[in-house]
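S.K.: The residues making up each chain are set out below.
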Amino acid sequence: MTDPLSPLDRPNSYIGRTVPRPNLERLVEGRGTYVSDMTLPRMGHVVFVRSPYAHARILDIDTTAAKQCAGVIAVVTGAELAEQCSPWVGVLSHLKGLKSAPQHAMAIDRACWQGEAVCAVVAATRAQAEDAAEQVQVQYQELEPVTDMRTALEPHIPLIHPELGDNLAFERSLDAGEVDKAFAEADAVAEAEFVFGRHTGVTLEARAILADWNPGERRLTVYQGTQAPHMMQNIFAKHLALEEAQVRVVCKDVGGSFGIKVHVYADEMATAALSKRLKRPVKFVADRIESFVTDIHARDHVCKGRIAVKQDGTITAFAIDDLTGIGPYSMYPRTSAIEANQVVNLVGGPYQTRNYRARTRVVFQNKNVMCQYRAVGHPIACSVTEGLVDLAARAIGMDPLAIRTKNLILDDAYPTDSPSGLKFEALSHHASLAKLKQMMDYDGLRAEQKRLRQQGIYRGIGIASFIEVTNPSAAFYGVGGARISSQDGVSVRMDATGAIIVQTSLTEQGQGSEALTAQVVASALGVALDKVRVILGDTDNTPYGGGTWASRGAGIGGEAAWQAGKALRMNILKVAGTILQTVPETLDIDQGVVIDKETGRERIGLDEVARITYFRPDTLPADFQAELLVTRHYVPRQYPFAFTNGIQGSWLEVDTETGFITLLNHWCVEDCGTIINPQLVDEQIRGGVVQGLGAALFEHCRYDESGQLTNGTMADYLVPMASEMPDIEVGHVVSPTLESELGAKGAGEAGTAGAAAAVANAVNDALDPFDVTITEIPLTPSVVLKALNQRRS
Amino acid sequence: MGKHVITLMVNGESHRLEIEPRAHLADVLREELALTGTHIGCEHGVCGACTIRVDGAITRACLLLAVQAEGAVIETIEGLSDSGEISDLQDAFRQRNALQCGYCTPAMLITAQELLLHNPTPDRATIRDHISGNYCRCTGYQAIVDAVETVAQARQTAGERS
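Chains as they are written, first to last, in this note's numbering: chain A, 1 to 793; chain B, 1 to 162.
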């Protein structure tokens, strides 16, 4: 039976309603369970001895003194732990040519970045393990480090992995349309080199894992702050020589993730291997300096960009040459080529021109590993594209909004695709731009800007359109051979009191997976939200699925929840129809009561349906079996990705004496399709914007030439705090995906995608009277002053 | 390392503890007393996640050695939740989705409560300034400012009525 009611107009639907998340009481009362909080009987704490050098041969590790220390359970070197844990290589077959070297849980002969673990000390307490770790004597022979990605491919530079032949991990080129012709015939060509500082996620709870190998059960239970429990189940099994069924991954509360906690970290693999070796629970919680030198870093791109434009404002070509350094290994299993690949895919994406040339090169270096962090590649692509568009506008004397209006793909042009082959189902660039213009009072701000300039106050407006990858299908990882599910599953059952229990393969790190699942299931079934309990984050107790990353929760897990809820409703109505001796199709459920669909008359409560099903099945026909547990799965098939779009605006002031930037206002209009919970979407946008603002203004992992991170504390690595952040106004345009019934697309990365681009464009707009263009982030006061002083002198 | 015997008064309960003098209060609260609502983020006083109340003033539990806290009145999120002192703030945070992962939240609530006790009518800039020592990676802060502002106004209204 097809359902004539859409998700939005089911009776008493929770779709599109702001309701508080169901799991918040315990968190506001300090009663959450983060992995950092957990203890188990006989648990040991592991502390890692880490390489102080970016590149060094390990000549000897003397563990004698450490083993004598109080409380020490074991001291284990990389070579010893390799007996428990096999190495891995972070490549995927669809990223053609991507290469990397085998990486071990701990370095064996050679450390390749400052912070790589070389020896593990397990003791009864963390403090004892730290004391003993100081007694481990490691003899290193320093090797020449490769730190500058700009020179990493030059012939005189040493090879980090000689067996690979060079320091080039991955290269991709693309040439679409008639780029040379477009540049030759352009009225103006603008070009710039865009520089992006390396930064990182700085989750407030550091990475944490508690691994418990129970030899009696021959099972490994891993409590981990991870976004992808089933992926981790596979990885632990594969590298610890176990069957997947022997591994259970449990993910309770997680103190922030943002992509940081979706990867396989060597020290976490080492922790699980140590548990297996020592036959007891072992816990690892990174401290802050360990987070800075081992949590994946991101961005760190240098991208040369060119844009061709006609005098009437028509953009006729984009061309980029991108370079990024990823550390000594491609991360496992998602690889470190995805960000660069995304840059190639996404540059120019919002615009009509078919002429696009791109190259990216991904090089190895002796710095911490780089990989996917919130909005993977998007901030690079958006900053380059939108920076170039503004440069083009300036070159021909056109208003920044006007040039975008002239060139953005028209809202009635869909479905369409991009020169890089991206398929767009339905985007809304022009509606979003119109909404942004109205929300920010663009004309009013321009007038204010002009007036203030006469008083020596320099304010700027920055605009950034963007597209966002969401709802990834198997095209993202699965086709390349990674055992990372793009599908999600949801089981819904009604228990003997009529209460609803949902198990989903999504995970929760604060985005609202639990809330959206409960809202969707409650709406599909017709029950009150407080009757629905959601279980997630446990490979033993949820359907198999992907988890929460790449803005996939609402669009993929949400649709699975919708389908499961609908199927259970039909099954409940079959029972009710049998009890009531009526056709199930004439019934519906509203507020937990079976009703006549036509009249709304109440017929029987779900508690009564449940009572009869479980306790008096003898009163039902002999050939009827009630099924009050159903499972449904969903994965997008028609579109490899559900692209969304949006546009951001920034209004800020630059102090030309000090170089300080004050953010005054920030706007974001985005289109994530059907909105399940408006408040949660808005807060995803705001949180994402502020992460982007951090990258724009403050955040930078600063390395010296020898590969030492020089600012690995929260006092030195600046993050956005409340006092320097503006209020952010969020607006929406709604273009549902027609691929699913729910129509939801992702919203988790839109904020981060465009914030830095909007800010950089606003800074350059503010500094227009000085004829200064800055294309480097973070836009620290010294960067601003340097640019101003160069122009002044 | 020699241990010290100290008595800590935490959430109205007296605890006699044998601890190393180097142990900071956040570790002792979490590890000795299982008060895991006090979170640890940086352990050098920057992120604010371990904020508790010591003798009525907010304090970074990671910057205070437990031996220094002997005799002091210590209040953590568990105590403030049980007493109901901040239930309106907790409810406002929940209604406004002023937390995502929740890791900064106990400390953020305690910090907000201190502001409202000393300044019942803060404007948004004052709220932002007061919580600017508490790092939140998830929310972007606006929802937190909204929630604190809402409670300030509600408490004012309730105060005028009584």
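The hints are simulated quantities; they were obtained by calculation from the structure and are not laboratory data. Treat the hints with care, since some could be wrong.
Quick list of the computed label-pair ranges, beta carbon to beta carbon [claimed, not checked]:
hint	chain 1	residue 1	chain 2	residue 2	range
1	A	D655	B	A154	36 to 44 Å
2	A	K67	B	H44	44 to 52 Å
3	B	D82	A	D412	53 to 61 Å
4	B	N119	A	L168	56 to 64 Å
Some chain A residues close to chain B (C-beta under 8 Å, calculated; not the full set) [unchecked claim]:
hint	residue
5	R31
6	T77
7	E290
From the three backbone atoms N, C-alpha and C, an ideal C-beta is built for every residue, glycine too.
S.K.: Now look at each hint and say whether the structure bears it out.
M.R.: How the hints compare with the structure:
A hinted range of 36 to 44 Å holds for the C-beta pair D655/A and A154/B, which are about 38 Å apart. At roughly 30 Å, the beta carbons of K67/A and H44/B sit outside the given window of 44 to 52 Å. Against the hinted window of 53 to 61 Å, the Cβ-Cβ separation of D82/B and D412/A comes to about 59 Å, which satisfies the hint. Between N119/B and L168/A the CB atoms are about 58 Å apart, so this pair conforms to the stated range of 56 to 64 Å.
For R31/A, the shortest C-beta to C-beta distance to chain B is roughly 7 Å, which falls under 8 Å, so the interface hint holds. Annotation: interface hint on T77/A violated; nearest CB of chain B at approximately 27 Å, more than 8 Å. This hint is violated: E290/A has a C-beta 11 Å from the nearest C-beta of chain B, more than the 8 Å allowed.
Violated hints, listed in ascending order, are 2, 6 and 7; each of the other numbered hints is respected by the structure.
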